[in-house]
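Visitor: The primary structure of each chain is shown beneath.
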Amino acid sequence: MLARRWESLILVLLVAVCVWAALGVDGFANTSNVSFLLLDTTEIALMALSMTFVVVAAEIDLSVASTLGLSCAVLGWLWNAGLSIEAIMPICLMVGTLCGAVNGLLVTRLGLPSLAVTIGTFALYRGLAYVILGDQAVADLPAAYTTPATQPLIPLVLVAALGVGAAVLLHATGVGRAVFAIGANQEAAFFAGIRVKRIKFWLFVASGAMAALASLILTFRYASARADNGVGLELAVVAAVLLGGVSIFGGRGSLPGVLMAVLLLGVVRNALILADVANEVLNFVTGLLLVASVLVPNLGALWRRRSTSQQEVP
Amino acid sequence: MTALTEATRPGAGGRGLIDRLTRVRELGIVLALAALFGVTGAVNPSFLSVGSIRDILLNSAIVAMLAVGQTLVIVTRNVDLSISSIVGLTGFGGALVLADHPAVPIPVVIAGCVTLGAACGAINGLLVGMAKVPALVATLGTLYAFRGIDYAWAGGRQVNAADMPESFLALGSRSVLGVPLLALVTLTVLLAVGWMLRNLRSGRELYAIGSNPDAALLAGIRVRRRVMAAFVANGALAGLAGVMWAARFGTVDATVATGRELDVIAAVVVGGVAIFGGSGTVFGAALGALLLTGITSALAVLRVDALAQTAINGALLIAAIVLDRLLALRVAGTLRRRRYRDAR
Amino acid sequence: GGTTKGDAAPQQSSAPAATANPNAPLKQGLKIAFLPKQVNNPYFTIADGGGANAGKEFGAEVKEVGPSDANASSQVSYINTLMQQRQDAIVISANDPNAVVPALKQAMSAGIKVVSYDSDSGQDGRHLFVNQASAEDLGRTEAQLIAEQIGGKGKIAILSATPNATNQNTWIDFIKDELKKYPDMELVKVAYGNDDDQKSFTETQGLLRSYPDLKGIISPTTVGIAAAARYLSNSPYKGRVKLTGLGTPNQLRKFVKDGTIDGFELWNPGDLGYLAAYAAAALASGQITGAEGEKFKAGKLGEYTVGAKGEVLLGKPTVFTKDNIDDFNF
Amino acid sequence: MDAVLALAEASKSFGAVRALREVSLRLVAGEAHALAGENGAGKSTLVKILSGVHRPDNGRILLDGAPVDFGRPADAQQAGVAVIYQEPTLFPDLSIVENIFMGRQPRTRFGRIDRTAMSEQARRLFARLGVHLDPEQAARGLSIADQQLVEIAKALSRDARVLIMDEPTAALSGNEVARLFGVVNALREQGCAVLFISHRLDEIFELCQRVTTLRDGTLVAEHLIADITPDDLVRRMVGRDLDALYPKQDSAPGEIALEVHRLTREGVFTDVSFQVRRGEIVALAGLVGAGRTEVVRTVFGIDRQDAGWVEVGGRRLRPASPTAAMAAGLALVPEDRRQQGLVMDLSIERNVALTGLADVRRGPLISRAAEHARARDWAVRLRLKFARLSDPVGVLSGGNQQKVVLAKWLARKPSVLIVDEPTRGIDVGTKAEVHRLLSELAVSGVAVLMVSSELPEVLGMADRVLVMHEGRLVAELPRDEATEESVMSAATGRTAA
Ligand SMILES: Nc1ncnc2c1ncn2[C@@H]1O[C@H](COP(=O)(O)OP(=O)(O)OP(=O)(O)O)[C@@H](O)[C@H]1O
Ligand SMILES: Nc1ncnc2c1ncn2[C@@H]1O[C@H](COP(=O)(O)OP(=O)(O)OP(=O)(O)O)[C@@H](O)[C@H]1O
Ligand SMILES: [Mg+2]
Ligand SMILES: [Mg+2]
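Protein chains in written order, with the working numbering: chain P, 1 to 314; chain W, 1001 to 1344; chain V, 2001 to 2330; chain B, 3001 to 3497.
I should point out that these hints are in silico values taken from the structure, not numbers from a laboratory.
As the structure is a computational prediction, the values presented were derived from the model and not from experiment.
Check the hints yourself; a few may be wrong.
[As the list claims (entries may be wrong)] Simulated DEER-style distance windows between Cβ atoms:
no.	chain 1	residue 1	chain 2	residue 2	range
1	B	3013	W	1224	18 to 28 Å
2	W	1155	V	2086	45 to 55 Å
3	B	3111	W	1104	33 to 43 Å
4	W	1178	B	3111	45 to 55 Å
5	W	1155	V	2297	27 to 37 Å
6	P	19	W	1115	51 to 61 Å
7	P	98	W	1031	27 to 37 Å
[To be verified] From the derived model, a few chain P residues whose C-beta atoms are all more than 12 Å from chain B:
no.	residue
8	19
9	33
10	80
11	98
12	131
13	168
14	195
Cβ coordinates follow ideal geometry from the N, Cα and C atoms, glycine included.
Next comes chain P alone, as it looks inside the complex:
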């Protein structure tokens, strides 16, 4: 029920910002800008979907952006090697899946904290990307793929479809229930016969696969496969997930909330840039938004407790 309140909070904020931007910022409310805006959020949205599951299960995956980079590198490398793009894409997805699997194994089999593991693979996967593609930038990708990627239709349909799927999976199926239980108290979940390790493993795998999928879209959108594609995206994804109301301690969160958060961050960014707000302010606002989203409700609670306790004092 906490999640409910949260979603509505984010939604209100989102609407408010959109209204403000539409009225106050010229160049915001027109189809081409909106489609830019949506496109810009595609990769983050995709990775946020799987990240939500991971965080709800009280784990975290900081290696997503590096996985994305590695997949990009593989794509460029194989493309230069003359493989057909249709053959390369599934390979990239497999690479992502593999990256996720490695994280999953280290976390579940060795019981290592995911934060530590994925900080490691964060460096490892990015490094491998450099090893594979080195300093090249592969740009001569087929227009048949790059052009549609710059149109909002396909990415949006993809995000929407996967989004709905993920939401149902998390909120209406046994697996979802299990994920929440694991996040809230994995020992109890284990005692209830839930396959904690197996489920966690697959969550990481999914996370890797999503990163790879995102990498395809990103590469085609920018018509450029490089080892350093998507550097720093992991924080954006985590930020979106947290802003979306997912508890970093696991066991709490909602997918619609996260998707709205992704959108919110995208809109704010776009609107502020249009309004010629300096980049530093932009970072500042992002940070503020993140803190405020938790702070406001908490302060409310805090204040209420204070006031009641005062009248309690005899």
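Guided by the hints, dock chains W, V and B with the ligands onto chain P, whose structure is given.
Guide: Showing chains W, V and B with the ligands alone in chain P's frame:
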């Protein structure tokens, strides 16, 4: 986090065993360090030369300082991602003052930076301790926010070595008895904090908080105050690290230390500090920092292909964590069997 | 089957259709936006400052926008927003020459003039490229500088930016080529400091540890050379190991004076921005279209001619030594 | 005689739930005061008010007759109130001795913690309580019982004026309880005021001089122990006459349902073999730390055995897989409901559904209706006291939480039911309830294996009693041979059967 399958239970006569176990935990890193220096030294003896060792100490001084601070926070089951931004802010601020107001005495500048850092820490502390914002969220936010302030302040300006007084830059390169000054500073802080964490009530209470926050409240520990203190201390150390950065690298702009937070957390974790709080020592964290910077230097010395360095770095980091974990599991196993024999 | 590299259609450059009117006056109140690799970067602050000055001279409103992190694709969303703002011209230094092309193309088709400076974008993504100094000049002169500093013999190394840095990589190619003329000199390693101060610092240490008999270092990046200089200046290698490359006088004055560096080179970034702004204005005013051979005036810098592939060359780089360094302040 | 600590017309509500209504209570020096009441009657709430965890909505706390305001637990501790909470509150990463003295460690002149002095005090304490735990070992992995003992040591270590104990004996077996009472009585004679909560009436009558009864948050009555019989007390608590506490029906044992063969887990238990037939209740008795929980954990696949195997219905179980065990019809009600039994943040209904996610599905999706029905059904059968089934389990009273754990497993209709301390913290009324339930299940052909530290329960319910000592099975006693003496002597390792 409660162990899933194996409930490790140090049994009767566990005293010696516990000691062994704790020793082993740091031993893991020490072994890794030995291996690193051994191998690298074998390939290229100059790596073990006095000069080289000094450079490595110097390089790790700052990360180690940050790792010590971070340990204080992580032990309380929190985390501070914003340190990199605090270092950036204080580092640039300090340099700017030195450049524009040469009149201001250096100790004042240093004190100022430490205070500024402590202030940033206090903001984190308020958010986490008082307003109950999860540390990761709060400090991810302030990570952006502090950096934003930094950028705004700098406005594209860069302070160069030439602009700062020699006497200040000298602090970055001076050695005392052959040991770099910065390394000594870090060492002093390390020993002091280490002693406090082990021997003072306040220190132990940090562990208690991290181990079970609710119980800590029931035990009458002033949780908020302690958490607050941890963040402030961490901020202050980050501030100090900022000055050290300026003194060491001479050229500073708004981007100083960007992204370093992950290195520091990595160091702390490699150092055997439980990411979920309650256990670990600053010494381990410092060793972790030494190991990571050692790796970077080693790769540079070993003529490893530049493109491969990041990858190897990551691989070794994981290897270190895994090694540490395997050792821990091993000890747990032997403990169980040992008690079995005792029970007979 | 499937789409492979082979059958990827070669991207034909969009030939400038419009005709130029050489004596059209510069329009008033043009909106020109500078989009550097990274804002808050001293180098670009100076360059874009130059652009702003030019703007004042011909009454245009010049602004600087951009990401604070210099990674590949972060510029694209800025290009899009600049399009929304209907700027007259975009002056860009591309982080990823390819990634920006699609967006720039859209901008161009929306009637916006695009000038790339400092770091070119894909050719069909801009009308003009204002080149700070031909890659060839830079590469070769750097090789020559180090050669004369170490007397033409001995081991040298290069401390570059990131492995992906387009500029540095082209320069390095020319450095290598020039070095062929010096049989006694050996390039032992190209190290990468990722334009990160600490990394560059550590890499320098590494170089000297692993090649104790190193004679010289070329660092074709302002960050790298500063870090290297700082390490050398308080190490025993000071003066023994020569250092040259690209740097700004303010950054390196101290080291030139204390003898760590004999000489290094750079173009004047202020002039670069200045020229780019004039080029943009000339395009937006229809003086030129970007076709080879066209001429335009760039205020105090005089007249420039558009070269092959729509390139405009700023001029030869300046070499800074202890004799002339105090004449410069940037 | 004047009250050291007193509660005057205190009330406390949690949202809709009125946990406590105008309750007054006086704790007098040198007197042990019992607090009796069903699960959810408000006992722990009262304790938490006296210890400064909760502030009363209205009403006052009086210390030596003067009103005080316990804002934080620290305040109560300053006032000399020592508390043993119903649920253990230990620091798993710290050593037992640090747990005991946290915040009050003895210090040298320079404020440095004096570790030797600390350990010394701890050892003396344990000696007094007859606890055989190594003070230097970490608290992680201690069984509930051991945790309980540490909590007791913690409370006794601060020589308090008021000692409050919320079900300290719930997980303890006979002689630990005896030891505890010995110490408490000593303290009481030194003039300490004691508040004692337990669902074991015999303990109340043994230890206390006065008893206050709560029902639904209101004070029913206060008596001198001398003036009241256990049956009256029960009537006051439950508000009705109570049917037999051990309604064991006889049932003919069927074929073997569970066979444990030479099961060994090094360091904890060794070479344990036994069988449980359909329709019989087998009790696993023993002292704390005998390894009973360990055995059932391993049988259910939580831990991996080092040797031996488990057969259910003649088919061997895959080791270390609760999922496999459940598929084979096994169910385990664990001893630690907070950590292992329940997901505190999840609602009652979701907790109940957790063990049968497959049963509450419509197609691939979860059916809230089915989920709700499943929970409602068992909530009624177990007389669960709750506001809404969608409330998080965490807000339920201790005993009611235990009921949810039972519901969660009984809803699976297991063929072999393993219960570890099934009535821990459950009130007499419900206890009878649970016992009838177990007995019915047995009659209906379920094989029941019951770990219990409560001897009367063992003797009252079991068809056969297995006794463990130091990780070994030392005796197997059929119902008619199982007596207090025979079981205890086996449990303490005096005779080996
Ligand atoms: N934090 C809370 N939030 C909401 N309701 C609560 C909370 N704590 C207790 N309650 C409710 O208050 C009532 C009294 O709970 P309490 O724990 O005092 O019962 P109790 O007498 O200790 O029962 P038991 O014998 O099972 O421990 C119960 O209905 C319980 O659900
Ligand atoms: N063989 C053994 N030797 C030493 N200590 C043991 C042994 N078996 C169990 N213990 C310790 O005794 C404690 C209780 O273990 P366990 O819970 O398995 O026994 P139990 O009979 O179920 O006790 P409880 O009454 O707590 O259920 C644990 O802390 C465990 O470490
Ligand atoms: Mg209770
Ligand atoms: Mg037990």
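Visitor: Determine whether the non-interface label on residue 131/P survives the test: each CB of chain B must be over 12 Å from its CB.
Guide: holds, 39 Å
Visitor: So is residue 168/P really clear of chain B, every C-beta pair being over 12 Å apart?
Guide: Given a closest Cβ separation of 7 Å, the condition is violated.
Visitor: Just double-check residue 195/P for me: nearest Cβ-Cβ distance to chain B has to come out over 12 Å.
Guide: Contrary to the label, residue 195/P does not stay out of reach of chain B, its closest Cβ about 6 Å off (not over 12 Å).
Visitor: Would you say the C-beta atoms of residue 19/P and residue 1115/W sit inside 51 to 61 Å of each other?
Guide: The hint (51 to 61 Å, Cβ to Cβ) is violated, given that residue 19/P and residue 1115/W are roughly 42 Å apart.
Visitor: In this structure, is the beta-carbon distance linking residue 1155/W and residue 2297/V contained in 27 to 37 Å?
Guide: holds, 32 Å
Visitor: Has the hinted range 33 to 43 Å been met by the Cβ atoms of residue 3111/B and residue 1104/W?
Guide: holds, 36 Å
Visitor: Regarding residue 1155/W and residue 2086/V, is the given constraint of 45 to 55 Å on their beta-carbon distance met?
Guide: Cβ of residue 1155/W to Cβ of residue 2086/V: about 27 Å, so the range 45 to 55 Å is violated.
Visitor: Just double-check residue 98/P for me: nearest Cβ-Cβ distance to chain B has to come out over 12 Å.
Guide: At about 26 Å from chain B, residue 98/P clears the 12 Å cut-off, so the statement holds.
Visitor: Minimum C-beta separation from residue 33/P to chain B exceeding 12 Å: can you confirm that?
Guide: The claim stands: residue 33/P keeps its Cβ more than 12 Å from every Cβ of chain B (closest is about 38 Å).
Visitor: Take the C-beta atom of residue 3013/B and the C-beta atom of residue 1224/W, compute their distance, and say whether it sits inside 18 to 28 Å.
Guide: holds, 26 Å
Visitor: Within 45 to 55 Å or not, the Cβ separation of residue 1178/W and residue 3111/B?
Guide: violated, 35 Å
Visitor: Please check whether the beta-carbon of residue 80/P is more than 12 Å away from every beta-carbon in chain B.
Guide: The assertion about residue 80/P holds, with a minimum of 43 Å to chain B.
The earlier numbered hints that this structure contradicts are 2, 4, 6, 13 and 14.
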